[in-house]
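Trainee: Each chain is listed here by its residues.
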Amino acid sequence: MNFEFDLGFSIIAPIIVVSALFVVRAKNLIHAVLWLGATLLGTAALYARLNAPFLAGVQVLTYVGGVVTLMIFGVMVTRRHDGIDAEASSEGSERGLIFASAFFVLLSVVTWKTAPSIPNPAPIATSAQLARVLLDYYLIAFEALSLLLLAAIVGAVVLVRRKDPEAVTKLRQGSALPLINEVES
Amino acid sequence: MNAWLQVFSLDFAVAGAAILILALDAMGGISGRVLGWFTAALLGAVLVASFFFDPSGSVPHGVYVAGAWVLFFKRVFLVAGILAVLGSLDWLSERTPRRQAEYYALMLFSLTGMMVVPGARDWVLLLVAFELMGIPLYVLAAWAKTDGPADEPKVGPEAGMKLFVTGAASSAFTLFGLALVIGETGSTALSALPAQATMLTHVGMMMVIAGMGFKLGAVPFHMWVPDTYQGAPTPFVAFLSVAPKAGGLAALTVVTLSGWGTQQTFWAPAIAVIAAASMVVGNIFALPQTDVRRLLGFSGVAQIGYVLVALGAGSQEGVAMALFFIATYVFTNLGAFLVVHAAAQSSGGHETAKLAGLSRRSPWLGASLLVFLLSLAGIPFVVGFWAKLFVFMAAWRAGLGGLVVLGLVVAVFGLFYYLSVARSTFMSEGTAQEPIRAGLALKLSIAVCLAAVVGLGLWPKPLVDEANRAASAFMQRH
Amino acid sequence: MSHLLAITIAAPAIAGALLLLVPSSARLAMRVVSLIGAVISLVTAILVATQYDRAQGGLQLLETVPLVPSLGIHLKLAVDGWGVALLLLTGIIIVAGVLASWTVARRDKEFFLLLLVLVAGVFGVFVAQDLFIFFLFYEIAVLPMYLLIGIWGASHKVPAEGPFTFTWKRFDVGSKEYAAMKLTLMLLVGSAAILVAMFLLWANSGARTFDMQVLEQTKFPIAVQHVVFPLVWLGFGTLAGVFPFHTWSPDGHASAPTAVSMLHAGVLMKLGAFGVLRIGMVLVPDAAAWWAPIVGAVAIVNVLYGALCAASQKDLKYIIAYSSVSHMGVVMLGIATMNAAGWNGAVYQMVAHGIMTGLFFALVGLVYERAHTRAIAKMGGFAHTMPVVAGFFTLACLSSLGLPGTAGFVAEFMVFAGAAKGSNWWWAVPGVLGAFVTAVYVLRACKAIFWGPPPQGEFAHLEDVRRTEWAAPLVLGTLLVVFGFWPRLLLDFIDVASQGYLGRLPVVVALAQVVSP
Amino acid sequence: MSPSNLAIIATVAPAVAALLLLVVAPLRHKGAPAAWVTLLGSLVSLGSAIMLLLGRVDGGADVRVTTPWIQEGSRAMAEIGVLIDGVSVPMLIIVCLVALCVQLFSVAYMHDEPPRAYGRYFTLHAMFLFSMNIVVVSPNLLQLFAGWELVGLTSYLLIGFYFAKPSAAQAAVKAFWMTKLADMGFLFGLLVLFVATGSFEWTSTPSAQVATWVTALLFVAVIGKSAQFPLHIWLPDAMEGPTPVSALLHAATMVAAGVFLVVRADPLFAQAPETREVMLWVGTVTAVFAAGLALVQKDIKKVLAFSTASQLGYMVAALGAGQAFAGFFHLGTHAFFKALLFLAAGSVIHAVHSNSLEDMGGLRKKMPLTTAAFVIGALSLAGVPGFAGFFSKDLVLGSLEGKGHWIPWTLLMGSAFLTAFYMGRVVIKAFWGNESEKSSHAHESGLAMTGPLMVLAIPSLASGFLGGWLASQVKAEYHVHLGLTPIVASSMAILGIVAAVVVFGRGGKAPFAGVLEKLDTFSLVDRTWASGYRIGLLGIASLAGWIDRYLIDGLMNFTGWATLEGGASARKLQTGLVRDYALMVVVGVVVLVLIGVLR
Amino acid sequence: MTLTSCLILAAAVMAIGLYGLVTRKQAVAMLLSVELMANAANMVFAAYGHFRGGPSAQVFVLFALAITVAEVAVGLALVMLLYRRHGDTTVDLASEARQ
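Chains as they are written, first to last, in this note's numbering: chain A, 68 to 252; chain B, -10 to 467; chain C, 2 to 518; chain D, 11 to 609; chain E, 7 to 105.
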């Protein structure tokens, strides 16, 4: 198997890996989320390098713009009031390390052995092509996906909505914890 | 477009019902209880329709194939849905009166996902349907939030969280595995799989199986099961413990036999290992449980092990027997959970000890629970016996004698804990004497389960024939 | 085609179903319904005996209904000579059992229901000619026992001792729940083994059928047979109390209520032995011939060890329970001989022991109901106040020790003769010794309970048998003597079956007819 | 009526009586009617037996009628039926006659019993006669065994008649166990015979080795039943039963069954000289040993009991010498005079309300009839010439002489002396001498009791002259020979009586009495058996019981325990921590991937 | 740059995500790890898409993204719930349901 040097990849890959490592090791959750943003951006760059600009765009928009923001919001909302940052766990980290590395080694070895090398990249799919497939071949999946998103939204709303009178009473009595979204009704 | 409508008519109906329920609720003025009955009625209507309207056929590109196989599963899901809705009705209107419509809607969303799964022959559709089935469950599992009696640990969020984290991890693995598979085969069609199988494909497929295994609650992806069963509302657990299992089974069967059928030597050992581990772990871990829900959770893990034994046979017969098993399992396990739910409502806890005197307080409930437990244990003349027997026979014919023997041995452990529950219900005298109060819907649901378990136990032939037909349809169309 | 067999099975089951309709307050009606169900099956069993053509032999009164034909499962009922004898036994015991439980006070509807369901299963096993149905009925017969013992049983304390004292922390050894659970679990482990054996037979039958007649004709590969036989032997043997899987039996029988003990020791244990004989010996004869020495050796351990254990017991019910272990050893010994005398003796012993132990437990129940103790040391002189009980008890003792003139003698003598004739003639020695030990412990118990100066204090005014209680001892006691003096009443049936089955096994017969000394 | 029918009637009549009494409870509970029913049954038996005898006198041939009893593979493994020949008919008469006399005697003797017990007593008597008749008429060894065991059963029930008395209960059980222990030999003998010849006929001719085995095993049963050393220990204890019972069971009939068995199975024993050798010695030892112990008994019934054992020793010795007829003859005469002795003793006991010789004395004036009866019996037992016992004992000793068994001959001669000596002792102590407190109030029993005594006195006197006829019945040679034996024997008898008068007439004690008493009270044999029972049987039993409860069952418990503990400790894996759950997913994936890769 | 190197990169990110998933106590951090894993899967798709061509890989990425977002939405809601229950988002606190 030939291993050709590729400058773009050589820059992007370390960024992705290192930032990913920071995501999982950062003590400060906000930092971790920001590192995730870095990883995702790196991934977007990789997509671009892999001739998938559309994906790169989507990645930046939804992930970096959406998910990371959401996460930061989540962290902010749930951070304790004394402001102490969460620490990365060290308990059981050996086991985690062992199995994670086992997974990595296993996968790498298999990849290496299977050697799925196709030297000449195929022609890229255009956005138009994508759209056509999406609304024909994948139509039903697409419909189902919309249902899925609807369900997720309904679910998320139901979960965080605070309407239950009992809980409200408890909250008023001070037995539950003070929250940002005090009482809805 | 017509073909699509026809093939997906039932699924559209259920999805429409979900949206309809949400809309009705948004309009306001309709009590949640009525909505519940309405939901059950809608599902019932769809179920009835399934007997008069044949949705067989396939859509362009073969993304989806409908036939006896799909119909069998759809009916199973619908039945589970109806029973679960009826079982939840009273609890919901009493405990979470302000968010009943969402509950039904989410359950219907999940049902929609399930109903699409068995027919999907394309990875994308399969994945989306699978997730559509799964995501509402995360929400429903955490439904209890902070409600519930004061003395009960409020493990609702925890139940959801555990389900979610293991589920998300499994989804990630599924995605990663699928990426490898699709990448290697170059197509999202399941049928492309066997032709292009490389070692990376196999690795990817193993990850996909892991994802399905999570939904089935098979070892070692079962860790969420007892905790979630304990924390989630029991009527919902009744649903969770059967319908998604059937969905997972459908997905796994489609993936292995339809997609990967010719590569049996690759996946069969994996299934066998999971089956063996599930039977052993489920049965052993159930032994020390004192909470009936946890106990039934582990028992469910073991039951899934039995189903996987049939699937591991990899034959048409095996598939048929797995279908029979899972269909009867719906009635048995759902019924068991609902009885436990009814009893716990009155006695204030789900511990085995709290069931003491149940048969004195409400003989019918006690007898029903006994029947369900015996069925789970695989005792003759209730349907569980046939289910287990058929599964083992199929496996035996396929040369999985070792698994059969193992299954029989650990089944004895199973008997021990099932009987422990029976001992509480029948032999111990509880302090309370007044009858268990259970709403009409709940009673109706339990009665249907009981009738099915006993009836099919006495005369299993119709369902066996149906399962055989479904399996043969599946195996021939692939 | 008459439906006698179906009626025999269905009568108790239908009576059980009818019980559900009887209101809980109508206690007499409940009993009458149960009794009618039991009597109908006894009558049909007698009719079966009269309709069975002894000259012709073989399977008769055949009825077949396809159940799951695709898997080769048919509801096939027919009766052979063994079946006739055992049907009669079951009919007698259930009638006696219903009468003996006339005074059950607590949750009586459920009690009779379970009792009737159980007995329907027993009838089914004896006439099932489809292996699968056989197993199905077997399970039905075994399972109600859990509730019957667990709910209506009696508990007692067993002191913690020995190397396994620490297990007492987890088990309430001696309690009824413990007994019920142990019994059920051990028997179901046995069922698992049977199921495996069944699969093996089914899968290797060529025709993929459970039909026992077809299986009898099939020559199974010897390797298969060698797996099937031990599974059948230990699987069914657990119920027959084969050492060392007998330990459910003393606790189970001691804890069970009267009628349940009667049925369990009287009939259910026979299911196990019958299974070994009918499935193990007949279906896989080649392996059976190879295994027979081991079966026989274990059986003589049962005989002697069971008797010795019984001799050491201080609790009346335990004595009887262990005596069952010992006597079932005689049955297994007879089965292991693989000749006509031994098989006849084994089946005859099933009947004889069934009646005898039924009588025993009925009487023990009477004594216990009055004296509220089972500790022999506390009793004495009861013959003064309850002479009828004493008389019947003595009769049961005599049959137990194999006194001529009682059914026990005929059975044991035939088994010993069969054993002596077989290739292991020395089996007869421990067998006879066991009978002697039996004489020691039963008469010791009899003396301790009934003989001696008239009882004082709390036992001074124990009542003798009352009206409904007469029936069980009278019927069972009479039969013991009748079958003891005129064994051909049953032997003619049994013999024709043994002949038939032995006749099909040329290899085995040749092997068994090696006359030793 | 055909002989077979007569034999069947003779056998079944008491059974009918017993059944009637068992089923019709009021009859039994009333008491007196039970006695009549039983007596009627016995009378029918005796009548039939006499008719049989008359038939034989008229030259009737042997008759054998059987029917299959146990089936084995389409052939009869065992048959039951009746055999009428020279052995069974005389024996039938002896048994029925003695039984009838005893029953008659009992009518009066037992009249103080409550009616229920009275009824039970006679029911058992009827059962006993039935059992004994089964033995007598049996055409093969299996039926003989069946009757033999039934005799054991009824004897058990009769010995334990006073079941409220712990000693009686103990004695009954002991008698049953000892005989049952010995009966295992019978059973084994039957099995060996069956395996070797396929039948239970005593006429079969197996190989010499088999014959030896069979006879040796049968002889074990004889030792038990006929109270031979060392299984004799149950016999003295069995005197706990009512005295008529002792007369019937332990004098005339039941213990005689052992001898009868050997007589019946003579064709088999004839093929086994080794067994006969053993029998000879066992008989001799028992005769001497029991006679010695009889010398020091204080209980009149125990004297008679030991004397029974001793006399049975004579019979067994004769059988061992190969002279079945001698044994059979002595069996017959002994039956009469021993029954007579026991009944007379019963009459005495009834009068003085005590068994002890100390409580008797000087009774000859108060109870002349009883005294006469007892003395006749004693003289007959002692073997005084002219009395029945003389002829039969002479035949026994003569047969030893004829075969040249000089040591047993000498020992048995000594035993004959002892017999006369101890019987002299009893007679002198009970009937002569000074009156004791209890005997002073004694008076003669009524006719109901003395009547049977008189009836039995006749054959005790005269049955010795029937030897020739009996011999012709069993086709044996018989002639009274005037040789060494009769002279020595009669002089021994007379010497014994003289010695008794000399020693006991003056109230003295027997020589070696101290030693013998020690031997008696220490009862080594008894103790050996008792400790064998306690340590051997019960010890092993409790060990087995413990092993079963705590080891075997313990192991089962342990299995369950280990499983449950396993489950409990495995539960710790379920930490409740989401991270760990996720980890399990990872582990699972890695394992699955490994399976996929390695496959 | 080859497919192999891309795949190995993805595997590395996947492994890192795994590591984070099983070691982090914070619910949000676990979500982040799941995101990493999903991202790794998408990388694989994109890589195959590049080297193999055809639209299916890219389409799949779109679906995967949507699904992940849905999951994150529900996940965050659950995190919120958990926080209300325990006052913290350390998931270790949520371990009451075990016996």
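Any given hint might turn out to be false.
Here are the simulated DMTMM-like cross-link-like pairs (lysine to aspartate or glutamate), alpha carbons at most 20 angstroms apart as the crow flies [stated by the list, open to error]: (1) D/K448 <-> D/D309; (2) D/K448 <-> D/D122; (3) D/K519 <-> D/E287; (4) D/K40 <-> C/D109; (5) D/K519 <-> D/E368; (6) C/K110 <-> B/E418; (7) C/K170 <-> D/E287; (8) D/K308 <-> D/E211; (9) C/K379 <-> C/D287; (10) C/K158 <-> C/D173; (11) D/K413 <-> D/E287; (12) D/K582 <-> B/E83.
Examples of chain A residues toward chain B, derived with CB under 8 angstroms [as the list claims (entries may be wrong)]: (13) W179; (14) Y204; (15) A219; (16) I220.
Read the hints as simulated data drawn from the structure, not as lab findings. Even for Gly, the Cβ is constructed at its ideal location relative to N, Cα and C.
Trainee: Each hint needs a verdict: does it hold in this structure or not?
Mentor: Comparing the hints with the structure gives:
1. Proposed proximity of D/K448 and D/D309 is supported: the alpha carbons are some 15 angstroms apart, at most 20 angstroms.
2. As the CA atoms of D/K448 and D/D122 are separated by approximately 19 angstroms, the hinted pair is consistent with the 20 angstroms bound.
3. For a cut-off of 20 angstroms, the pair hint linking D/K519 to D/E287 is broken: about 36 angstroms separates their Cα positions.
4. Pair hint D/K40 plus C/D109 does not hold up; C-alpha atoms about 41 angstroms apart against a cutoff of 20 angstroms.
5. As the CA atoms of D/K519 and D/E368 are separated by approximately 13 angstroms, the hinted pair is consistent with the 20 angstroms bound.
6. Taking the CA atoms of C/K110 and B/E418, the gap is about 17 angstroms. The hint holds against a cut of 20 angstroms.
7. For the hint pairing C/K170 with D/E287, the CA-to-CA distance comes to about 64 angstroms; that exceeds 20 angstroms, so the pair is violated.
8. This hinted pair does not check out: D/K308 and D/E211 have alpha carbons roughly 45 angstroms apart, beyond 20 angstroms.
9. Between the alpha carbons of C/K379 and C/D287 the distance comes to roughly 52 angstroms, so the proposed pair goes past 20 angstroms and is violated.
10. As the CA atoms of C/K158 and C/D173 are separated by approximately 8 angstroms, the hinted pair is consistent with the 20 angstroms bound.
11. In summary, the hint linking D/K413 to D/E287 is supported, as the alpha carbons are separated by about 12 angstroms, within the 20 angstroms threshold.
12. Between D/K582 and B/E83 the CA atoms are separated by roughly 36 angstroms; this puts the pair beyond 20 angstroms, and the hint is violated.
13. Restraint check, A/W179 versus chain B: the minimum CB separation of about 10 angstroms is more than 8 angstroms; hint violated.
14. For A/Y204, the interface hint holds, the least distance from its beta-carbon to any beta-carbon of chain B being 5 angstroms, beneath 8 angstroms.
15. Hint status for A/A219 relative to chain B: holds, with the closest Cβ pair at about 5 angstroms, below 8 angstroms.
16. Violation of the interface hint for A/I220 is found here, the shortest Cβ-Cβ separation to chain B being roughly 10 angstroms, above the 8 angstroms cut-off.
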